[in-house]
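Chemist: Line by line, the protein sequences give chains S and A.
According to this note's numbering, the first sequence holds residues 1 to 150 in order.
According to this note's numbering, the second sequence holds residues 1 to 134 in order.
To be clear, the hints were calculated from the coordinates, so they are not data collected in a lab.
Just so you know, not all the hints are guaranteed correct.
Facing chain S, from chain A, some residues (calculated, C-beta under 8 Å) [to be verified]:
#, residue
1, 33
2, 59
3, 65
4, 66
5, 68
6, 69
7, 77
8, 81
9, 84
10, 100
11, 112
12, 113
13, 115
Not close to chain S: a few residues of chain A, all C-beta gaps over 10 Å, as computed [as the list claims (entries may be wrong)]:
#, residue
14, 22
15, 64
16, 105
Heads up, the beta-carbon is just placed ideally off N, CA and C, and yes, glycines get one too.
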Amino acid sequence: MTDTTAFAVTEDELDTLVSIAIRRAEILDDERSPAADEAWHEVATYERRLAAITAPSDIAGGVARVGAVRATLTAGHRAEAERLASVYLAEPELPAERRAAMERVFQEDRDRVAQHFPTLAKSGRLAEVAAWKASAAAQESRVFPIREAA
Amino acid sequence: MQRAGHESPATAAVCHDGLETSAAIEWPPEDLGALEVLDYNRVTEDGAEAVALTYVNVKAGWVVKRRLQRGDHADWLMENGAGSMAVEVSGTIAGDPLGRLGEKKRQVAECSLPIYRLAVVVGFERPSILAGSV
């Protein structure tokens, strides 16, 4: 039997954790490491926790919300990224600039995938790439669970 | 700085939005043999960040809030009593720091956050700190 302990982490501590995680994920991305997706998953975990303890109207809160959606998408979880975006976009205090930034995240991802798979993009089959990424991501065991207890 | 042949403290030329001054950069000496085994570009980048973040702290009390993702078009979110700032940092060993500053200013200009935005380029061959706000 495993004991589980819940730790209260402060915003400052999460800022430090997310900073380290982003740096690591970007280095792994640059090196085209297969570990990059897991690293982005870790970033997404910290961004979501930051989003949960900050106001949508704060600069840091808006950054965390867009960051959570972007990192989740980069980790290959499009459906979860879309769910998160719908939650954050439903917050009335989220500034218009952050709403636009969130929409750009999805557009940039579509552009990036189309660049990597030009033939599939030309034939309108990019949805297959998203489905494959989601399926591959679901089969991997995760150190950081994608959904956390509220 | 040390890898570029300088000794601590080194005097850096500073140009911030056209205003010229100078700054002393001091660091604990490192074993150059140890530096050789590290990734060249990464050491340059880390060195530039150390100098740039210290510069903006000394200049106006900015402290690091957190790192930003690349999609935010800036490296760091910083705070001081006056508000928030997005900073993009770059380092150059032997390239043209002024040209690099133009590139970085264009990049940080794409950051859509409604806050101060600043690009900082650190030159190592001829020690320099170039900063430009957008």
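Chemist: Run every hint past the structure and note whether it holds.
Modeler: Comparing the hints with the structure gives:
no.: 1; hint: 33; result: violated, 23 Å
no.: 2; hint: 59; result: violated, 20 Å
no.: 3; hint: 65; result: holds, 6 Å
no.: 4; hint: 66; result: holds, 4 Å
no.: 5; hint: 68; result: holds, 7 Å
no.: 6; hint: 69; result: holds, 6 Å
no.: 7; hint: 77; result: holds, 6 Å
no.: 8; hint: 81; result: violated, 14 Å
no.: 9; hint: 84; result: holds, 5 Å
no.: 10; hint: 100; result: violated, 19 Å
no.: 11; hint: 112; result: holds, 5 Å
no.: 12; hint: 113; result: holds, 6 Å
no.: 13; hint: 115; result: holds, 6 Å
no.: 14; hint: 22; result: holds, 30 Å
no.: 15; hint: 64; result: violated, 8 Å
no.: 16; hint: 105; result: holds, 20 Å
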